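Colleague: Residue strings, one per chain:
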Amino acid sequence: EDKVVQSPLSLVVHEGDTVTLNCSYEVTNFRSLLWYKQEKKAPTFLFMLTSSGIEKKSGRLSSILDKKELFSILNITATQTGDSAVYLCAGGRAGNMLTFGGGTRLMVKP
Amino acid sequence: GAVVSQHPSRVICKSGTSVKIECRSLDFQATTMFWYRQFPKQSLMLMATSNEGSKATYEQGVEKDKFLINHASLTLSTLTVTSAHPEDSSFYICSARDPQGAAYEQYFGPGTRLTVT
Chain A
2 EDKVVQSPLS
12 LVVHEGDTVT
22 LNCSYEVTNF
32 RSLLWYKQEK
42 KAPTFLFMLT
52 SSGIEKKSGR
62 LSSILDKKEL
72 FSILNITATQ
82 TGDSAVYLCA
92 GGRAGNMLTF
102 GGGTRLMVKP
Chain B
678 GAVVSQHPSR
688 VICKSGTSVK
698 IECRSLDFQA
708 TTMFWYRQFP
718 KQSLMLMATS
728 NEGSKATYEQ
738 GVEKDKFLIN
748 HASLTLSTLT
758 VTSAHPEDSS
768 FYICSARDPQ
778 GAAYEQYFGP
788 GTRLTVT
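Chains A and B supply the protein sequences, listed in that same order.
With this note's numbering applied, the first sequence corresponds to residues 2 to 111, in that order.
With this note's numbering applied, the second sequence corresponds to residues 678 to 794, in that order.
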């Protein structure tokens, strides 16, 4: 059975801190690893990673995939209160289907 | 960017009745749509993959006779929860894949909160 595990479950930091969110996966016919941000309703897309060792960046967010260790991290630098959300990672498998992890709930305090 | 809508956003129904939830891709044609279920403080669980013009593919443990999925057009998929029970109360989210976009990139609808009394 496919499994995606995220850690930590929740995290409380102060504005300006840097955070690292972890995602390990065991997905049959793995194709890609995706990160989403979910605030109140629909998840919004952040990154899709398919190659090992290549960092993707978008502003203060960056992510990297290790296909040997079946692991990905999402980094957020200089956190802001607007970064407070649940961050979901998902393993994409053949057929464009996604298996989601349980999420990391991030709270950034002013 | 691609937009996916869901209707209704919230529904309350009595036990034993059926509820239909619509998922529409507004500015693209989605050959594939996905239906997820999310319990409070839990992650999204894929229920089924809906392909336009063919039968849906259900994940293990999801009752296809209870959760009827119809993908009659390239912009609309519907999920009908039949004979609803209180344990079906959940947040149902659909997503759609733009075939012109990157593989695995899915656009999510805003979700439908179902409460069965």
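Keep in mind that the hints were calculated from the coordinates and are not lab data.
Misleading hints may appear alongside valid ones.
As the list claims (entries may be wrong) - Computed list of lysine-lysine pairs in DSS-like fashion (alpha-carbon distance at most 30 Å, straight line): (1) A:K38 / B:K697; (2) A:K42 / B:K718; (3) B:K691 / A:K4; (4) A:K57 / A:K69.
For clarity, every value in this text was computed on a predicted model and none was experimentally measured.
Colleague: For each hint, tell me whether it holds in the structure or not.
Modeller: Here's how the hints hold up against the structure:
1. A:K38 / B:K697: 27 Å, holds
2. A:K42 / B:K718: 12 Å, holds
3. B:K691 / A:K4: Roughly 35 Å separates the two Cα atoms, so the pair is violated.
4. A:K57 / A:K69: Holds. K57 of chain A to K69 of chain A sits at ~18 Å (cutoff 30 Å).
When the structure is compared with the earlier hints, a violation turns up for hint 3 alone.
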